[in-house]
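*Asks:* Protein chains in written order, with my numbering: chain A, 91 to 1631; chain B, 3 to 443.
Since the hints were made in silico from the structure, they are not lab data. Since the model is a prediction, treat every value here as computed from it, not as a measurement. Some hints here could point you the wrong way.
As the list claims (entries may be wrong) - Here are the in silico distance ranges between beta carbons for each label pair: (1) A/N383 x B/K226: 40 to 48 Å; (2) B/A75 x A/K359: 56 to 64 Å; (3) B/E219 x A/A1056: 22 to 30 Å; (4) A/A741 x B/E219: 55 to 63 Å; (5) A/E607 x B/T157: 40 to 48 Å; (6) A/E996 x B/Q362: 48 to 56 Å; (7) B/N143 x A/N383: 34 to 42 Å; (8) B/E219 x A/N383: 22 to 30 Å; (9) B/K226 x A/S1354: 40 to 48 Å.
What the hints assert, rightly or not - Residues on chain B that point at chain A, a partial pick, calculated with CB under 8 Å: (10) A202; (11) A216; (12) L218; (13) E220; (14) P326.
Stated by the list, open to error - Rough simulated footprint, nothing fancy, chain A against chain B, three-plus residues with beta-carbon under 8 Å: (15) 206-215; (16) 223-230.
Note that beta-carbon positions come from the ideal geometry of N, C-alpha and C, so glycine has one too.
This is what each chain is made of:
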Amino acid sequence: MPATEQTWRDIKLLHVVFAVSAIGLLVTTVWMLAVDHDRPWKQYARGFRELETWSALARTKQQDLADYRAGGAELEKALADARRSPVDAALAEEFVAALGAVSEDAQAATFIEQDIRRLRALRSDVDDKPSDATVVVEDERFALRGEILQRMRDAAQRAKFRENLLAVALKLRKAELDKNRADYELAIADEAPAERVATLLGRAGAKRSDVGDATVAYQVANTHRKNLESLLSRMTGAEDVAAKAVADHRLALTQLDQAYQDRRANLGKSLLELPVLDAFNGPLKIEQVWLPNLTLNNNFRDVARFDRCITCHRGMAKTMPGAPQDPAYPAAETIIVTLATPAAGAAEQMMSDARAAVGAGFAGDNEALQSIYGLRLAERGVFDASEPTINVVLPAPATPYDEAIPPAAAAAAAGLQPGDVILEIAGRRMNARQVAVAALLETPGWGIPLEVTVRRGVPQPYATHPRLDLFLSDSSPHPMMSFGCTICHQGQGSSTSFKWASHTPNSPKEAREWHAEYGWFNNHHWSLPMLPDRFEQSSCLKCHHQVVDLEPSEKFPEPPAAKVVKGYHLVRQYGCYGCHEISGWASADKRIGPDMRLSPNFHEVAAALRSDPGLGKLGDEVVRWTDEVRTSPDGRAARERLRDVVLRDAAAGEDALLTSRSHDLAAMLKESDTPGSFPKVGPSLRHVASKVGFDWTYSWLRNPQDFRPSTKMPRFFGLWDHLEGPGLEESMRYEPIEIRSMIRYLFDASQPFDYIPAIAGAAAADSVRGKKVFQLKGCLACHQHADFPDATSTHGPDLSRIGAKLAAHPRGREWLYSWLRNPAKYHPKTIMPNVLLEAEKRADGTVTDPAADATAYLLKSTEGWRPEAIPAAESLTADERKALDELAMLYLKERFPTARAKAVLEKGFAENQTTLRGDEQMLVGLDGPGRDAALLSYVGKKTLGKLACYSCHDIPGFEDAKPAGAALADWGRKDPSRIAFEQVSQFVMHQLAGAHDHGEHHAHGHAADHGDEKKPESISPFDTELAFLVQGDEVHVDPKNLDTDTGYFLEKLLGHEREGFLWQKLRAPRSYDYKKAENKTYNERYRMPQFPFNDSQREEVMTFVLGLVAEPPPPQFVHRPSTREQARLDGLVVAEQYNCRGCHTLQMDRWDIEFRPGGLGEPVEMADYPFFSPHFTPDQVAKSLKADSQGRLQTSLVGMPTLDPETGRPQLVDEDGVPMEEDDDEAIPHRSVMLWRDVLVDGEARQVGGPNILVPEAAIRAGSHYPAVGGDLARLLYPVVIADEKEINPNVKPEDAWGWLPPPLVGEGKKVQSPWLHRFLLNPHTIRPPAVLRMPKFNFDAAQAAKLVNYFAATDGADFPYVYDPRLDTTAMESKEEARPGHLAGALKIVTNTNYCVKCHLVGDYSPPGNPKALAPQLEAVHERLLPGYVHDWIANPKRFLPYTGMPVNIPFDKPVSQDLYAGTSEEQVSAITDLLMHFDLFAKRNLSLEAYLKPEPPAGPPPAPPPAPAADPAEEAAAPRPAATDAAAIRSSGEPRALE
Amino acid sequence: MHSDPFFLTNVAGFLGGYYVFIAAMNGVFAFLLWKQYGQTGRAVTWAAFSAVLMVLASLALSGSSALVPALPAGVRSLVNTLSGPVLYSLGTVGLCTVLFVFRAYFVQPVVAWTILNAALVLMGLAMADQNFAAIVMKPDNVPIVGLVFLLAFFTWVATKQAVVNDERTARGEPPMEKLDDEKVLVWPDLVYTELICMVAVSAFLLVWAICLPAPLEEPASSVKTPNPSKAPWYFLGLQEMLVYFDPWYAGVVLPSFVIFGLMAMPYLDYNKKGNGYYTIAERKFAYITFQFGFLVLWITLIILGTFLRGPNWNFFGPFEYWTPYKVEVLNNVDLNQMFWVNWLDMPLPRAAADAPGYMQFGMIVLRELPGLLLLGFYFVALPPLMAVTVFRGMFAKMGLIRYMIMSSLMLLMLSLPLKMVVRWTLNLKYIVSIPEFKLNF
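When you get a sec, could you build the whole thing from the sequences and use the hints?
*Replies:* Written out as structure tokens, the structure is:
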């Protein structure tokens, strides 16, 4: 077709369409740019800039206050004065002279001279007429003085100028010289004609002399100038100093102002924020922390972490100026303060003054606020301009208690701070600044304090991290630049928007709010969402594998991670690790997390071997090894020998003497490379038939909480809430049979037990005495009993009903007696110690058996409990037999085809059928009368295995059973799609709905038994509908009946997330069988028992389990404590396991208090040995004197609170130290604190051993209190022993009672010698005769004891494991003795003087007469027990170490004891006694002669056995058995004549 | 089968706008009918329909989650039951057949418009179901929904043209395309419109990218693959084939033959008619074969893979919750098993372990004999059989080579639906299964 002008489409229309689409493209492009530019984080960056600007301005204002101005004015005045002071005439003349000497300056010199002359003339005038003309003349003089100085400065300037000119000239000359010299050199090199060389040389010479001249000229000018300047500065020295002071004073303000100017937005910054321009170093930037080593696992490779969290959380690590750990912007909270107001007249006066000074309006109001309250309001709020925000608070002066606080410090005293937003005043809402001003200035009732509600801090995301002591700050263990954020918090660090950062809400309500505000959604695609508040501490476990390192410590008294630590302890106490292996090792050398594996059960294997009838045939030695492994399983030698023997026997085949089971068990005796260290938590059931009867056991297994509501044993049976129909029926029929069968097996398999016989000749057991024994001998450190409600330790079981448990058994009494005498006999690994209850001789001569008494008492403890609804033990009904058969069939069908199983059930096996292995061996002769018993026993063993009872208990036949549950080492990362949620969400929904309307769901009435289904703890609106969908079901839960916790977990459950699974698993583990029970066989059902956790415990356990992620960061980040810290932690684990804290205080109370100056009374002057004088640096003193903005001082007291001797509770006293009556309203309550550490108060030292400090309650409440660690029993028994003693001695001093109770172990490491402590822990003996209870003997192994020893040394900063002190050396003692003959003998005289040591102390075989409660430890043993340094200082002043001690200062430092005993100063005497005590054995030995023994007989054999030490009366023997009376000791005691009396 | 009220309130805004949009669409349609075509009666009907849609919109926007219009639960569960793989596949074949047979009826604008409206409204109602919405509104599935409508539209346009042309041919008139010569000027008719399209499409893509950003999923992991793991949408048809065939066949052989077959088409085509205009009647065989391969074996499988295959590659109805816990019995057996064990009740022929290689091979061949025979019949015996029966005329026109290529390609194509059918009906896994050589068919 030919081309025409005709187009196919209307060209005009095309133009229009094109125009429209082009505009559309433009618009969308701009839109795209805008969307891209408008990133959410920018809003927060701007917000934070606002905040910083506001704060900087507030600080400027705060700085620019009246006192600052006053200070400035003072300095200005000083400067002015300095400027008016006369110039030193001599210097001035010298200056003129120096000036005059130089021709160029001569004229200036003349001018200056003239001026000086005029000034002199004026001065003489002034001296003549001191009239009103003075002022005029003064000014003239001042002007003249200035003029003279100015002329001088000018002259110096000119001199400088000339000097510079000369310097330039010199430089030129030098350059010319260099050129000429080079020319000459080159000419030589070119072999130029001689004359040319000569010319060049001549030129160079001329130049050289030029340079010489110029140098001299320059030096002269330089000297002149320096001279002038030096003279000038000497003349104006005072003036310069004053000027510098003024400049310095201004500097702080200038800097603040500079900071303000830097932060505020300005035009330039706004321009650079524009799109496109912002690419060129725009002021709003994404901030990030780059962490190349803390990588993020991206499946295919590890990538460096980029944490951009601080892009929005910009204030996260900001600190207060000058306080590196105080958050600059704490998170918002509401605080109510009480603001004092002045009296009406004064207030009005101040107001009118202020308005007069500044004028009305806002400025005047603010001035009035400042003088009346000491605060000023900002012109605008930080985030909301209209909010009344305080920006200036006048600091309060340090006002003593008895002085009134001036009005201008009212705000500071009330605790208001700059930045506080006033929300309410006297209950009225303040929504604008004017309203607040009116409320403060116009309407208050003058003289009546105002209640002011303020909001302090800033909202997220601006808030600073609350624990800068632990995180982010440079001085913390986790500085931000090395750790970033997401390694702990998780989440998507590289994201810069709220939703993509994977924030995780802590409640459905929060989720809802976030969704509305930020478009938050649950991003399933990011597998590491941020941890919600409640599980934040889970992350700690990544690096803190030991967990106890997260407990509060000296350095971090505020608990660093209380929740996860509690979870860890719960897991430990409830023995979760028994079924669920928690292995801390990925391989033998790769640590991945907390390690909580069971320790090898060698002792169980040994016990099983011991019961093998063939063992005896292997020889007595083998039996002995077996016993050794059983009682002390940690020793290696016996175990390895035993293993060899058994393995050899196994190899013998047909001729083997042992059973095949024994052979199998031998493998268990092998040593592991990294053995676990956690014990089974339950008691041994190996001899259970010797202890309890059928009825009690039935009731216990059915529901342990029935007998003991506080038990840690979980519940296995009767968990039927989730069952219905046939499934429920099955449970109801089978469970009773299962319980009976378990008992049958346990009793059948129980091994015989040798009861310990009672002490012969003891008085009949008496339960009244027994109660006392129970109370005083330390039982309450671990156990509870209804008779002693104050004892709350849950370390051991509650014994309130123990009688009901044991009395039913014919030999229950004997068992309990044996247990009390020696628990390890029954259970070698029990944590119950042997409390060493030995025969006691009473005052009336009778001998009592405390263990028998305690047994009598405990057997009476029943609280009327008895097992109920227990079936008859012996017979089975037809129904029961049918159920038993069915159960047996279930197990048999797992082993045999159905037909065979039926046959087996019918007949059993023949007796001699030995080929069969496994539990079916038990089914022998089922056609006989023993059928029921055999079947029960078989089913019982199967059931015990199914329910994994062996995980917590030592049960015969289960020595080699494996953990039954899922391993937890990486459960915190378990893929939720691999977790079987079954129908549990329906169950929970039903349950919650049922709980609401009491629906038919609880018809079968078991819900009431569960501690869990109680009402929600806090009912708050559960503001979401997100969760309430049940697939295919009509049930809806009314949200109002759910608390936020339940709501949170319910959502997690419905969302099929780990947290939800775990929550329900811990609440009702069997509920995962809901509607499933019918769909599987009885034995396929879930088996996990229900633990008696309450809501918070459950969450703590979850925090721990969710933290088990097996993802340790690179080794440099994993917490690797120093050797010392490691020793402390290792010791802590042992101490916790054995409950050392139950009796002993390991750490004293600590109060960080804030008090007004003088509030803690005056220090008492203590004259003492110089080495006791406290060491405080000047910095520390200055810090203790520095008042905070509220005018208060701070200090930290460490010590013991004084307890009321009658109640044992902390005592309140009045300001004079007199105990307060309950209804005393007048006195100011104080607490009396016995110091255990020297401390600075008001800049003065308060020392240990001084009088108690009375601390006002208000000071304590203002600060924080960290309670003592441990020592509960001591505090519990304190009033008891006082009351007991009062019966004998009515004048007992309450403080003495501490000496009879378990001692605090603070400072133990510095006190005792490690080897001694180690021995003592393994085999304790009596140290302090008056103590009411003895250190029990624990089943420590040597390694555990060593850990404890190291713990004490490490905690107290002592050397460990070995210690060296020259004073322990014999040579040192010898040389002292040489230098001063009679050194030790003299010391012995002091010791043995009845006025001194032996007045109370036992020494050798000497026991001081008098009150046995006043007896003090054996001195003979000091040399191996205590460290010399400690002994020395202790003798010098015992109260410095043990403030409550009754031991007096025997040798005051200014008053030595009688020179007859030992001639020398106090110091020398103390040293001498120390030397004596530290070498007592040597000293005693030296005075011993063996001749008497050796002469009568020829020296063929060893020395004859010496006669035993003459035993004192049995009571003393019991009270003070020596540490392993050696032969040497025996010889000594008979060889050396003692003449003490 | 409740939808979460929270979900409903979230989706209500979108649905309201959606209904308003359809209502406006129909309003314009009614107006055009009335003004342009003067069909007042029809215009009133469509205006009334538009009003109904406005009612739906107001219900959706009422703010109460209970009032959001939705399909009744019974209908939804019925749809779920009906959309099993067998019914789905056979249903699509049947639907295509019906559409093809009654094409003259379905291409009428009003009918098409009605169908479009029905589809849109149904989709709106279905959208109120959380499970349906979760799949359809996934940002990367949205284009596929659009694609379905686009495909329907283009198919309709082509079919309509073809129907009109066929009618004209029947009347002895030339096809529409011959009526006016479509030669136009490069500028402005071609280049200018292309420029406008470019600008408009750019703007559209920008808006799309702003409003519906590309979804971000989890970091790739070799130990944990997403469940379900899906290929890009255009390969979902291939992925579906993997269910029925060994990977070498479904992933390599069949796709290669698809390309090969498409390339071979011009050389196989002996029909001179239909050049430069739309027609169906004149090229029935070509049309049916292509549409069956494209619509049934490609497009519907993509839709199936996108919307109906869920976790574990299980089949889920459109309103079914994609639970990973759904389990299906997949006890498929090989033909050798069926033949030897089930029918002859004897063990599979197997050579002794130490037998010589030829013996091993022989036993394998014996074991697979039924399958090999079947395959041999299908690929070797069927073409000549067809040549003398159904395709006699075609064979005559094409000659031996072209016919053999055509028939082989067609048999290969048909092997897919056939295999699907035997899998569903007989639980047949492989016809020939030689794992020794990793060779299954």
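*Asks:* Evaluate each hint against the coordinates.
*Replies:* Verification of the supplied hints:
The hinted window of 40 to 48 Å between A/N383 and B/K226 is violated, with their beta carbons roughly 25 Å apart. The beta-carbon spacing between B/A75 and A/K359, approximately 60 Å, falls within the hinted interval of 56 to 64 Å. Checked against the given bound of 22 to 30 Å, the beta carbons of B/E219 and A/A1056, roughly 29 Å apart, stay inside it. Taken as a hint, the range 55 to 63 Å holds for the pair A/A741 and B/E219, whose Cβ atoms sit roughly 60 Å apart.
Taken as a hint, the range 40 to 48 Å holds for the pair A/E607 and B/T157, whose Cβ atoms sit roughly 46 Å apart. Our hint of 48 to 56 Å for A/E996 and B/Q362 holds, since their Cβ atoms are close to 50 Å apart. Against the hinted window of 34 to 42 Å, the Cβ-Cβ separation of B/N143 and A/N383 comes to about 41 Å, which satisfies the hint. Evaluation of the 22 to 30 Å hint for B/E219 and A/N383 yields a pass: the beta carbon distance comes to about 28 Å.
Restraint check, B/K226 to A/S1354: a C-beta distance of roughly 47 Å satisfies the suggested window 40 to 48 Å. The closest approach between the C-beta of B/A202 and any C-beta of chain A is roughly 4 Å, which is under the 8 Å cut-off, so the hint is satisfied. This hint is violated: B/A216 has a C-beta 13 Å from the nearest C-beta of chain A, more than the 8 Å allowed. With a cut of 8 Å, the hint placing B/L218 at the interface with chain A holds, because the nearest CB-to-CB distance is about 7 Å.
Against a cut-off of 8 Å between C-beta atoms, the interface hint on B/E220 holds, since the closest Cβ of chain A lies about 4 Å away. Checking B/P326 against chain A by beta carbon gives a least distance of about 6 Å; that is within 8 Å, so the hint holds. Chain A is given as covering the segment 206-215 of chain B, and this holds because 4 residues of the stretch bring a CB closer than 8 Å to a CB of that chain, at least three being needed. Coverage of the segment 223-230 of chain B by chain A holds in this model, with 5 residues showing a Cβ closer than 8 Å to a Cβ of that chain against a need of three.
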